[in-house]
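Each chain, letter by letter, is given below.
There are 2 protein chains.
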Amino acid sequence: MSSRAAYVRGTKGMRGYSTLLCLVSVLGASVAHAQPTAEARPNILLILVDNLGYGELGSYGGGVLRGAPTPRLDLLATESLRLTNFNVESQCTPSRSALLTGRFAIRSGTSRVVRGGRPSGLVQWEVTLAEVLSAQGYATGHYGKWHLGDVEDRFPTHQGFDEWYGIPNTSNLSMYTSQPGFDPDVAPTPSIMEGRRGEPSRKVATFDLETRRLIDTEATRRAVGFMERNAQAGRPFFAYVPLTAVHYPTLPHPSFAGKTKNGDFADSVVEMDAHVGELLDALKRLKLEANTIVIFASDNGPEDLLPWRGSAGPWSGSYFTAMEGSLRAPFIIRWPGRIPHGATSNEIVHEVDLFTTLAGFVGANIPQDRMIDGVDQRDFFLGSRDRSAREGFPCYVGDTLAGAKWRNWKVHFVWQEYKYDPVQTLGVTRVFNLLDDPRERHDISSAEGSWALFPLYKLVDEFQASLRKEPPIPVGTPDPYVPGK
Amino acid sequence: MSSRAAYVRGTKGMRGYSTLLCLVSVLGASVAHAQPTAEARPNILLILVDNLGYGELGSYGGGVLRGAPTPRLDLLATESLRLTNFNVESQCTPSRSALLTGRFAIRSGTSRVVRGGRPSGLVQWEVTLAEVLSAQGYATGHYGKWHLGDVEDRFPTHQGFDEWYGIPNTSNLSMYTSQPGFDPDVAPTPSIMEGRRGEPSRKVATFDLETRRLIDTEATRRAVGFMERNAQAGRPFFAYVPLTAVHYPTLPHPSFAGKTKNGDFADSVVEMDAHVGELLDALKRLKLEANTIVIFASDNGPEDLLPWRGSAGPWSGSYFTAMEGSLRAPFIIRWPGRIPHGATSNEIVHEVDLFTTLAGFVGANIPQDRMIDGVDQRDFFLGSRDRSAREGFPCYVGDTLAGAKWRNWKVHFVWQEYKYDPVQTLGVTRVFNLLDDPRERHDISSAEGSWALFPLYKLVDEFQASLRKEPPIPVGTPDPYVPGK
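From first to last, the protein sequence lines are chains A and B. Note that the numbering used here numbers the first sequence so that position 349 is 349, with each residue one more than the last. Just so we're on the same page, the numbering used here is the position in the second sequence counted from 1, plus 1000.
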């Protein structure tokens, strides 16, 4: 196996980078970044939204065009680095797992959406960004939707968060209690929960169509309170705010209902933008803007419940596929004075990179005893290098290797444009030039793009070899998980 | 017939507007705009590009994402009002005709692309923006692609331009001389031409695959020279610069070839952006920025010659259809201190409105003896009103009424997504909510959108009544055309 995977850029003339397979710490001696001092450790505010397609925000070509202006996020984009090729896993659970562990979900038994009420989601053996930051003395809080396990021992407080509030599973569950025939004796009544580390989590309300409207307001309020408390205590914090907007059923807070006159979806987008504004206002009020890394991203592409309203902008497809509309999500990162502002880049970054990169920014070590897929994007984010440290990645949809990306090229091994389309087996793989053909309409595998299959297959071969070297954790593995046992 | 068409907004509480059918001058006593003084008459630089889809410019979600950064146009957008719902006719000839006459092309015998070497295109009876401005003392120049007639008596100098340079027909003709079997005895050798008012136009070069690469550079150079001459003479000018970029065959100037390393299309987009920059730099150098209205637009949606590279961004479809990808074009308008800068609006504007609006800005009268479809958008452009003066329009593709738009709703009477798809007859019309469903995937005509057929049909009925009242000029009508004869 190559010690440098095809999807990690060469480092010719550059400082050394953590690569996928050589398992070298990003903080190894060859990395020249200054170690942050305890005083200067940046806070991290990571806002993740749900099923928000690439095309919704004003800065991504949406906003007024979708009947839902997003002025706070548009202003944030002008203060930030904005990526047009930020890639995610194709579903909620895999995406949140990849984001928090720096590992593609196929490795960690989280390649499919959590099934409720059983051991499902992240095993405790996995090391999350919250655990890494907590070990560095960070206060860690979770406010919103978890979706990485919904039974005791699988909650955020078992994965490095000091406290949490929100829903353990997903927003669809808010419909249970009003659906015909629902019987709480055969399926649990969904709950909004809260918890503190070292204590069992507890239910604070039934999660239904009324409380579904309120949850993001409360999550934002609690996240602001968490930042205030830690600002007063002078303690660096990691505020993870996975808002439930704009997942189906998209029911806005009563104070936003009807605001746009363009329907619930637009109202919810506007509400989401306002919550982002509240979080940013809190940072300003607390005089923490300069020393806080703010990230805004979506977990995956838009829904495909017509007439549901997600838009992937210029890309085809929906979540649960390997289309660009599934893989590309909005991504905005602000760190005043450090990360270039008003910049846009089409370099490939994957959400797994945030684990490695943020750990690097705060001087934390990442695990040495397992495959970490995230690469260190510090130089790219800081603008000292205009190329990403990544050239590609494999794309799994559920347990299926559905495709791969490398530079501007993409291969599909199966074909599915929208979630509810059948998955078609392909006799011949399809290859697209994504610069030329954002919609993935014109297969070039047998014509001008034939050569691109070489680096694409190399990437896939190396990734699959890494799975053989370190076998994936099966979906549904109960705790405790012990590797090799 | 109603005296107020459904596609013109009501004026409740607003100043009076010129409407389609009441045929009142936009400068009637009810319009409160101050008349520009002769000294203050703004220059107009109208840059029209060819087949540039909605999704190409950085400010429209393209740029780096398409491998073709457009920094000059992106900066211009921040200084301008940018529209996300600027609508055009679906083909080159109809679009240029509508733009210059303020009349939908179905009226003026220009609903189809000009056939070469015969009376085709605009009859001299039509009154163009150049004629209107010329009558006001403006110097008028045309530099680029005309496509409104390619025989003597149908050139720009017969439609109000003092001088012209460029190609009378379209860019495809540059391929003639290198195509197998071409015989100059049976089809004319295409030419680049120039002309001055009152003189026959003359050929300056063969238009072939070599000169096709050079023409936009020369058109820009001549347009700059025209602006310089008139700046020195203190004469207001109308510089119409219909660049040939990015129409097939998209062959960049040799100094741009290979510049992006992303192919000819991206190189040509970058070249186009640079030419826009040259024109803007000239305005700055001549100290004419403040008193010049700069408009950048595209004539129609992207091409559909796969693997050709046009992108309509979030919209479906290509030119030659009634899909949004055909109708919506980029549109940027700058007038420092007058038109709001950094603003974006999703209000419906149609290219025919420019005729009426620009005439209004310079204090010119528009014809009273014919149907003028353009409505006065001065208040909207100037920001004194946040709604467009237009609510919709009918959409003809060739001679076929293919659809109509009203507010956020769209009806299709036939179905064709891409130019080379067959035109399907529809048993039931299809209606889309364009805010909810930019891709036009989910017909709501029989469900939640049924009511929208009322205003859509009202609009169409009124337009068709206006065609019965003033019958269209047949395509291919020879000069002299006399109405009613």
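It should be emphasised that the hints constitute simulated quantities derived from the structure, not laboratory data. Ideal placement from N, C-alpha and C gives every residue a C-beta, glycine not left out. Some clues are possibly wrong.
Listed below are several chain B residues computed to face chain A (Cβ distance under 8 Å; list not exhaustive) [what the hints assert, rightly or not]:
| id | residue |
| --- | --- |
| 1 | V1151 |
| 2 | G1313 |
| 3 | H1442 |
Residues from chain A shown here face chain B by an in silico Cβ test under 8 Å; the list is partial [said to hold, decoys possible]:
| id | residue |
| --- | --- |
| 4 | L65 |
| 5 | R66 |
| 6 | T189 |
| 7 | T206 |
| 8 | H253 |
| 9 | S255 |
| 10 | K259 |
| 11 | K261 |
| 12 | E278 |
| 13 | L306 |
| 14 | I339 |
| 15 | P340 |
| 16 | H341 |
| 17 | S446 |
| 18 | S450 |
Evaluated hints:
1. V1151: 37 Å, violated
2. G1313: 5 Å, holds
3. H1442: 5 Å, holds
4. L65: At about 5 Å, which falls below the 8 Å cut-off, the nearest Cβ of chain B leaves the hint on L65(A) intact, so it holds.
5. R66: 6 Å, holds
6. T189: Hint on T189(A): violated, closest Cβ of chain B at ~32 Å, above 8 Å.
7. T206: Violated, about 30 Å.
8. H253: 21 Å, violated
9. S255: 22 Å, violated
10. K259: 14 Å, violated
11. K261: The hint is violated - K261(A) has no Cβ within 8 Å of chain B, the shortest such distance being about 10 Å.
12. E278: 24 Å, violated
13. L306: It holds, given that the least Cβ distance between L306(A) and chain B is near 5 Å, below 8 Å.
14. I339: Cβ of I339(A) sits 17 Å from chain B, so the hint is violated.
15. P340: Because about 14 Å separates P340(A) from the closest Cβ in chain B, which is outside the 8 Å limit, the hint is violated.
16. H341: Since the shortest Cβ distance to chain B is 14 Å, the answer is violated.
17. S446: 12 Å, violated
18. S450: 13 Å, violated
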